[in-house]
Amino acid sequence: MPPKRSTGPKASAAQSTLAFHGTTNRVTKPTTFPRSAKSHDKIDDILHASKPDPATTDIAPAEEEAAIIPPPALAEPTAPVKPAKQLDAEAAARKVSEARIKKYWAAKEKARLAPRAHQEELGLHEKVLREWDMCGVYGPAIGNSRLKRWNRANRLNLHPPIEVLAVLLMEQDEGNAGAQRAHVDELMTSRFVVEA
Amino acid sequence: MADGSGDFRQCSPFETDFPTNERSQSAYTPLHTFDLPRGADKHYQQQYADMYFLRLAQLKPAVEEQAEEAWGNMKIGTDTPQHVDRVLDVRQGIPSWVVGTVFVDMPLKPNVLDDISKDHWISAPPTRERYTTDGKLDMMIEDESGRLQISGDSLDTLGLVTGCVIAILGHENIDGVFNVIDTKYADLPRQPERWEKDDANLALSGGKIKQRRARADRIAIISGLEIAGDSGNDLALDMLTEYLIGESSDPSRPEGSKKISRLILAGGSLAHSSPIPSREEVSAKKGHKKYGYDSAAYDASPTARLDTFLSDILPTLPVTLLPGVTDPASVAIPQQPLHAALFPQSRALANSPAFKNDPHLGFDSVSNPWEGDIDGWRFLGTGGQTVTDVQKYLDVDSTLDIMDAMLRWRCIAPTAPDTLWCYPFQDDDPLIVKECPHVYFAGNMPKFEVRTESGPFQQTVTLISVPKYSETGIIVLLDMETLEVTHIDLRVGESKP
Chain A
1 MPPKRSTGPK
11 ASAAQSTLAF
21 HGTTNRVTKP
31 TTFPRSAKSH
41 DKIDDILHAS
51 KPDPATTDIA
61 PAEEEAAIIP
71 PPALAEPTAP
81 VKPAKQLDAE
91 AAARKVSEAR
101 IKKYWAAKEK
111 ARLAPRAHQE
121 ELGLHEKVLR
131 EWDMCGVYGP
141 AIGNSRLKRW
151 NRANRLNLHP
161 PIEVLAVLLM
171 EQDEGNAGAQ
181 RAHVDELMTS
191 RFVVEA
Chain Y
1 MADGSGDFRQ
11 CSPFETDFPT
21 NERSQSAYTP
31 LHTFDLPRGA
41 DKHYQQQYAD
51 MYFLRLAQLK
61 PAVEEQAEEA
71 WGNMKIGTDT
81 PQHVDRVLDV
91 RQGIPSWVVG
101 TVFVDMPLKP
111 NVLDDISKDH
121 WISAPPTRER
131 YTTDGKLDMM
141 IEDESGRLQI
151 SGDSLDTLGL
161 VTGCVIAILG
171 HENIDGVFNV
181 IDTKYADLPR
191 QPERWEKDDA
201 NLALSGGKIK
211 QRRARADRIA
221 IISGLEIAGD
231 SGNDLALDML
241 TEYLIGESSD
251 PSRPEGSKKI
261 SRLILAGGSL
271 AHSSPIPSRE
281 EVSAKKGHKK
291 YGYDSAAYDA
301 SPTARLDTFL
311 SDILPTLPVT
321 LLPGVTDPAS
331 VAIPQQPLHA
341 ALFPQSRALA
351 NSPAFKNDPH
361 LGFDSVSNPW
371 EGDIDGWRFL
381 GTGGQTVTDV
391 QKYLDVDSTL
401 DIMDAMLRWR
411 CIAPTAPDTL
421 WCYPFQDDDP
431 LIVKECPHVY
441 FAGNMPKFEV
451 RTESGPFQQT
461 VTLISVPKYS
471 ETGIIVLLDM
481 ETLEVTHIDL
491 RVGESKP
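In the order they appear, the protein sequences are chains A and Y. When you line the first sequence up against full-length UniProt numbering, it's residues 1 to 196, in that order. When you line the second sequence up against full-length UniProt numbering, it's residues 1 to 497, in that order.
Misleading hints may appear alongside valid ones.
Said to hold, decoys possible - Beyond 10 Å from chain A on every Cβ pair, some chain Y residues (computed):
1. Glu22
2. Ala57
3. His83
4. Ile116
5. Asp156
6. Asn179
Unchecked claim - Distance windows between CB atoms, simulated:
7. Gly175(A) with Asn179(Y): 52 to 58 Å
8. Glu121(A) with Glu129(Y): 40 to 46 Å
9. Ala354(Y) with Asn157(A): 31 to 37 Å
The set of hints was computed from the structure by calculation and includes no laboratory data. Keep in mind the model is a prediction, meaning the values are calculated, not measured. Glycine included, every Cβ here is placed at the ideal spot set by N, Cα and C.
The shape of chain A in the complex, shown without the other chains:
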């Protein structure tokens, strides 16, 4: 006969179960939450109180301050100033219309003898950008973002097509971050190993 199972109190009552969820076990990174309106006044009071009263502290530390060289004013981290050539190019690119890009692409297609294969699913913008990657005249496309490559080619007076910059800026405005990286770059740095 199989051994009798006891139906008494649970033998494993000593161990509690682990909970990976629930409000008691929440682990959150300390983030700065937007201050609610209530706490504003108290913090502002403290900040204003710590400012030294200029009238009383005028005379005494004057000599000390004269001896101390004032620390250099650290530049606030602002966006780097773009050179004029880049700004002109961006202004010109924003005026380029979708129709002009289509005409540019049609001219490129006409220059070929046969239609492109394996590009049926791609949109016009992606096709234009892949063609941009493959032009070796403007430098290697791997390890560099498409926009930076365009700006570099412009700076070196290689006359890159303005339609490509227009497409890049349109993609950037739409928030498409994937369009900044060259497709070959993704292929060359992929980590998948094909078992032969």
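Dock chain Y against chain A, hints included.
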């Protein structure tokens, strides 16, 4: 006191008036051409193809201009050679000229396969001094479209190294090899006038351009101090200190009046600062693991000795320090300035990093290679690795010929990504000579040589190869008004008959 008045200044010991030596100030504007960005702005995810692309794109217009001028109107047989844009577009039999980067296939170059052979054999093949062999070399011209093999008798007499950008004239023969008749390089770029940068800065800031400037004195260039921290070359260093301070020269002699106003240390100040242990040494040293630095291996005395030497001369003589091959700076060029933490005494006389562009107090630790303006003249200097690396490719004894060729190719380090470790520049290659310097010096050279070269637009460059002080005891003195070079020999232990 002697006369009882209590006035110190009236006593006899203070009646004699000792002559004081004074140094004139040298106008100094370092250009931070080779300073790399710090921290997160310095990436390494790009490849070296960017560097070759930048070099070709920046030098191609200049080379094309020279080639057009030389070959635009000439006739080979009945045809004029035509300019071909891409290297692979040359057609067989048609005389043409094309611009590209040279690649010299040297089988004795250091190869990554040598490292792998260490795993399979007992030891790696020994490192070679020169990569040249006796046979004919395979040379190729390449650009972004591809490579073209070149051959020709003129190529054997010319010295060409991997990385220089030239234009070649010739035609492709039946084997697909381009037969070269003539070559052209970019030649010396535009040379700024003396005081050009200082005048431009004054004009921008709204000041009046000074017409009269004080007469400039001499500057001293030394390289290869090779301070090892032991008492080996203490005497030589002390003699050098005395000479630079002025204690050993007599102010009454006419030569003593021509003072030194600045010292440039062109690399090699420390000897073998911290050799990287090879794989065998690391595996042999199977001791207990130590976290942090291994105090048994690190020795602070070389840097302490260099610091003492600099702080002895710094109060009166400003010093510009370039790192070299053996110094504790990065291995890849451009080597960044030696950190101020290494010089606790001397850094009191240096500008803090926030005031990098202000007139300097005294001690300036700069990059290698280095470009700057001293007394209006444009200087370009290296610690020597760029020149010795090119020397491995060519069978040339005179380093001045190599330095001249490097200026004419407009490449400070033509072999840079190939055999000389280098930072992968992506946006702008500073290793291209954009403005011709007035003085070009290289440290740690085998011997002392000086030459003046001139360019097609009346540029004149003084080339100086500075030998190692620890071996030869030579201090190079450059007069800043006439750009005349003399030298002083300080030797220890040699008795003249």
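Status of each hint after checking the structure:
no.	hint	verdict
1	Glu22	holds (27 Å)
2	Ala57	violated (5 Å)
3	His83	holds (16 Å)
4	Ile116	holds (21 Å)
5	Asp156	holds (31 Å)
6	Asn179	holds (26 Å)
7	Gly175(A) with Asn179(Y): 52 to 58 Å	holds (56 Å)
8	Glu121(A) with Glu129(Y): 40 to 46 Å	violated (58 Å)
9	Ala354(Y) with Asn157(A): 31 to 37 Å	holds (36 Å)
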